[in-house]
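A.B. asks: Each chain, letter by letter, is given below.
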Amino acid sequence: MARVGVFVCHCGFNIAGTVDVEKVAETLGKDKDVVFSTTYKYMCSGPGQTLVQEAIKEHRLDKVIIAACSPGMHEATFRSAAEDVGLNPYDVEIANIREQCSWVHDDMEKGTEKAIKIARSMVRKVVGNQPLEPVKVGVTPKVLVIGGGIAGIQAALDVADAGYEVILVEKETSIGGHMAQLSETFPTLDCSQCILTPKMVAVSRNPKIKLMTYSEVIDISGYVGNFKVKIKEKPRYVDPEKCNLCTDCEDVCPVVVPNEFDMGLSIRKAIYLPFPQAVPSTYTLDMEKCLGLDPIRCGKCIEVCDVEAIDYDVHPKIIEEEVGAIIVATGYDLYPKNMLGEYGYGEDEDIINGLEFERMLSASGPTKGEVRRPSDGKVPKRVVFIQCAGSRDPDNHLPYCSKICCMYTAKHAMLYKHHVEDGEAYIFYIDIRAAGKGYEEFIHRAMEEERIVYLRGKPSKVFRKGEKLVVWGVDTLLGEKIEIEADLVVLAMAMVPGKGTGEIIDVLNCAADENEFLKEVHPKLRPVESSTPGFFLAGAAQAPKDIPDTVAQASAAASKALSVIGQEYLEHEPAVAQVDEDLCSGCEVCISVCPYGAISPVGGHAEVNAVMCEGCGSCAAACPSGAMTLKNGTQEQIFDMIRSILQEG
Amino acid sequence: MKKVFEPRIVAFLCNWCAYSGADLAGVSRLKYPPNVVPIRVMCSGRVDPQFVLEAFREGADGVFIGGCHTPSDCHYVNGNFKTYKRKIVMDRMLEQIGINPRRLRLEWVSASEGKKFAEVMDEFIAEVRKLGPVPRMKEGER
Ligand code: FES
Chain A
2 MARVGVFVCH CGFNIAGTVD VEKVAETLGK DKDVVFSTTY KYMCSGPGQT
52 LVQEAIKEHR LDKVIIAACS PGMHEATFRS AAEDVGLNPY DVEIANIREQ
102 CSWVHDDMEK GTEKAIKIAR SMVRKVVGNQ PLEPVKVGVT PKVLVIGGGI
152 AGIQAALDVA DAGYEVILVE KETSIGGHMA QLSETFPTLD CSQCILTPKM
202 VAVSRNPKIK LMTYSEVIDI SGYVGNFKVK IKEKPRYVDP EKCNLCTDCE
252 DVCPVVVPNE FDMGLSIRKA IYLPFPQAVP STYTLDMEKC LGLDPIRCGK
302 CIEVCDVEAI DYDVHPKIIE EEVGAIIVAT GYDLYPKNML GEYGYGEDED
352 IINGLEFERM LSASGPTKGE VRRPSDGKVP KRVVFIQCAG SRDPDNHLPY
402 CSKICCMYTA KHAMLYKHHV EDGEAYIFYI DIRAAGKGYE EFIHRAMEEE
452 RIVYLRGKPS KVFRKGEKLV VWGVDTLLGE KIEIEADLVV LAMAMVPGKG
502 TGEIIDVLNC AADENEFLKE VHPKLRPVES STPGFFLAGA AQAPKDIPDT
552 VAQASAAASK ALSVIGQEYL EHEPAVAQVD EDLCSGCEVC ISVCPYGAIS
602 PVGGHAEVNA VMCEGCGSCA AACPSGAMTL KNGTQEQIFD MIRSILQEG
Chain B
973 MKKVFEPRIV AFLCNWCAYS GADLAGVSRL KYPPNVVPIR VMCSGRVDPQ
1023 FVLEAFREGA DGVFIGGCHT PSDCHYVNGN FKTYKRKIVM DRMLEQIGIN
1073 PRRLRLEWVS ASEGKKFAEV MDEFIAEVRK LGPVPRMKEG ER
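Protein sequences appear in the order of chains A and B.
Per the numbering used here, residue 2 is the first one in the first sequence, and the count goes up by one each step.
Per the numbering used here, residue 973 is the first one in the second sequence, and the count goes up by one each step.
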């Protein structure tokens, strides 16, 4: 027989005003499992807690119900008070008779009746509770960072600076991400590469960071503190240790393909260095484009390589690593131009996107920083910039705001004017969103000092007329139709989750939002944590954001990851699912409903991994044979609660 | 005077949204009738159809399930969707055993929707009141 004590709090008049607390205590006192009941003015106060502790000792209570405010308020308080006198924390439950009873009802009689039902149902629950100890697990003090853009770089450096080991995995041949492609950054107009490349080099020099480029995470198992990851390293066919960047191989390579780094505005060879500041600084042989391995078909590069860095006979390697936390920083891509029928499906060479324009503006870009029309190489005298291309258009394209386009378009127009003094720049916008530090001032400078023409409205159509591109739009402020003949049109394309983000969502099985960005647990209070414990989010893979926000979020993700791996043990909530092996038929329905992959089939029955289980109870609700249940929230307990609520009197 | 019918309703509230929403209704001192007694579950996806049946069997006139908003508010990724699907099946089941499925209500209430919680309670209690007492099962059927 249980020995339950019931402690009813007056909470001043907060409860006692509309609930007859004495009657609650008296009625509960008659319950078959209750051996002691009392009331007190403020149960959560020091004397109140002492009263509970003394009663536990005096009446040898083994279970406690505190009928008071919501468990969110003082569950922890009373559990630790009871623990101090030898009870298990799970021997204490809260009956919420304030927020969900006394505060919402005026009728003393009915309120009291309801309070009794609530308290009685909690007595039934606590009687069924089993004492639980937090599950303790050791931690692998190492972090995996996926994605080597500015977010991944910052996160990796922060973790390494704290003294822990990091594995940084990047699927391209160099780290740097999109930031490496940018010319200058708003609102300070400092050169993107100048601020980024020192960080890239710092990554390659840091002994705590194991950099794996041209690599992909292909599998993951385990749980927070103890993940096992499989990383596939693609062969470069060039030994970075030997390659001395002499360019001989590139010179003789006969294969020419569009250069991805320059957004296809220039060409590269099949053996190539993606850009001069690439880290690691080494050539890569693009085997898909290479003519052939055997000397009969080509093999020119291998002949000219004096240091014998090229080796055709290498294969993908699968590397297994163990880590305690994972930071996902897989970045963004631009919404494909061919989705925009209204602007010619990206078929016209002179309709370019923002990143193409960045490459054009970059001193190391395909035009060496000169603005030139892709079609004929002429300097465009009139450029139209179109904001929200694909963004904020729930009917036809994407519903959300891509956040950075207002700012970079202002920057583009400004830089264009700096390059082409007599050029005219027009910007079509829906609204201007310039809410960062120094951003509003930057927009003002664009409008007032740089004489850029801002037109409020979204062009309906862009089409070619001879040498020119005609932009049709409406100035919604003047209510007038506008037609501009331009030499070049730059689209501020929407940001979408990077290709790698979609792939990693599948591999990690982590939550994504309705637009396929990585989803945080709570948009305000837990913005860098994934709902899967141990996964942290950084950068534009979580939502469109600019560089300052990305860097801040990356540092936040790093500190969150450190707070996991910095511990000797992790404690995990023990109220998790539990299988009755004798009842389990091995149907695996539970496995299919578990959002955490915490259940696996072992020897013909289900087995729950207590560390991966978050205790939602979906499996218990789905189990057709009643074999699966939730500790301290079992079917029997809930049945008892239902009955006690509906019992007459 | 004729005694007014006071429906007895059990509410399963998920810890993260609906239960917090109900707390907020209290904090905001919003009033609704005391006919509903809450049972806190971690997720609406924990609500086994058997809980609902058991409640009706024990004489509940209405059963309420409160969870987090779809698509993506559920603390456990997609428990709310599981509940949504189960609700469709439960409705049919209830119909078959002669219980009006309107006696079972599923609502998404976020932690910030105290007002919505109170309104939904008002509404649901009124509805069940109109439906009258649940048809009691005969002993043999229990
Ligand atoms: S946690 Fe609220 S429905 Fe799942």
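Among the clues, some could well be false.
[To be verified] When the alpha-carbon atoms are kept at most 20 Å apart in a straight line, the in silico EDC-like pairs for lysine to aspartate or glutamate are as follows: (1) B/Lys1003 / A/Asp108; (2) B/Lys975 / A/Asp21; (3) A/Lys525 / B/Glu978; (4) A/Lys520 / A/Asp249; (5) A/Lys301 / A/Glu343; (6) B/Lys975 / A/Glu110; (7) B/Lys1003 / A/Asp334; (8) A/Lys404 / A/Asp249; (9) A/Lys111 / B/Asp1094; (10) B/Lys975 / A/Glu649; (11) B/Lys1003 / A/Asp21; (12) B/Lys1003 / B/Asp1063; (13) B/Lys1003 / A/Glu110; (14) A/Lys466 / A/Glu343; (15) A/Lys111 / B/Glu1095; (16) A/Lys24 / A/Glu649; (17) A/Lys111 / B/Glu978; (18) A/Lys520 / B/Asp1045; (19) B/Lys1057 / A/Glu251; (20) B/Lys1087 / A/Asp21; (21) A/Lys290 / A/Asp249.
[Said to hold, decoys possible] Every beta carbon over 12 Å from chain A, so not counted as near; a handful from chain B, in silico: (22) Phe977; (23) Asp1020; (24) Ala1098.
[Said to hold, decoys possible] So the derived list for chain B, only partly shown, Cβ under 8 Å to chain A, looks like this: (25) Asp995; (26) Ala1027; (27) His1041; (28) Phe1053; (29) Ile1069; (30) Gly1070.
Since the hints were derived computationally from the structure, they do not count as laboratory data.
The C-beta atom is built at its ideal place from N, Cα and C for all residues, glycine as well.
A.B. asks: Each of the hints needs a verdict: does it hold here or not?
C.D. replies: We went through each hint and held it up to the structure:
| no. | hint | verdict |
| --- | --- | --- |
| 1 | B/Lys1003 / A/Asp108 | holds (11 Å) |
| 2 | B/Lys975 / A/Asp21 | violated (23 Å) |
| 3 | A/Lys525 / B/Glu978 | violated (41 Å) |
| 4 | A/Lys520 / A/Asp249 | violated (46 Å) |
| 5 | A/Lys301 / A/Glu343 | violated (46 Å) |
| 6 | B/Lys975 / A/Glu110 | holds (16 Å) |
| 7 | B/Lys1003 / A/Asp334 | violated (50 Å) |
| 8 | A/Lys404 / A/Asp249 | violated (43 Å) |
| 9 | A/Lys111 / B/Asp1094 | holds (16 Å) |
| 10 | B/Lys975 / A/Glu649 | holds (17 Å) |
| 11 | B/Lys1003 / A/Asp21 | holds (18 Å) |
| 12 | B/Lys1003 / B/Asp1063 | violated (29 Å) |
| 13 | B/Lys1003 / A/Glu110 | holds (15 Å) |
| 14 | A/Lys466 / A/Glu343 | holds (15 Å) |
| 15 | A/Lys111 / B/Glu1095 | holds (19 Å) |
| 16 | A/Lys24 / A/Glu649 | holds (16 Å) |
| 17 | A/Lys111 / B/Glu978 | holds (11 Å) |
| 18 | A/Lys520 / B/Asp1045 | holds (10 Å) |
| 19 | B/Lys1057 / A/Glu251 | violated (59 Å) |
| 20 | B/Lys1087 / A/Asp21 | violated (26 Å) |
| 21 | A/Lys290 / A/Asp249 | holds (18 Å) |
| 22 | Phe977 | holds (14 Å) |
| 23 | Asp1020 | violated (4 Å) |
| 24 | Ala1098 | holds (16 Å) |
| 25 | Asp995 | holds (4 Å) |
| 26 | Ala1027 | holds (5 Å) |
| 27 | His1041 | violated (12 Å) |
| 28 | Phe1053 | violated (10 Å) |
| 29 | Ile1069 | violated (17 Å) |
| 30 | Gly1070 | violated (19 Å) |
The structure fails to meet hints 2, 3, 4, 5, 7, 8, 12, 19, 20, 23, 27, 28, 29 and 30 from the earlier list, while all remaining hints are met.
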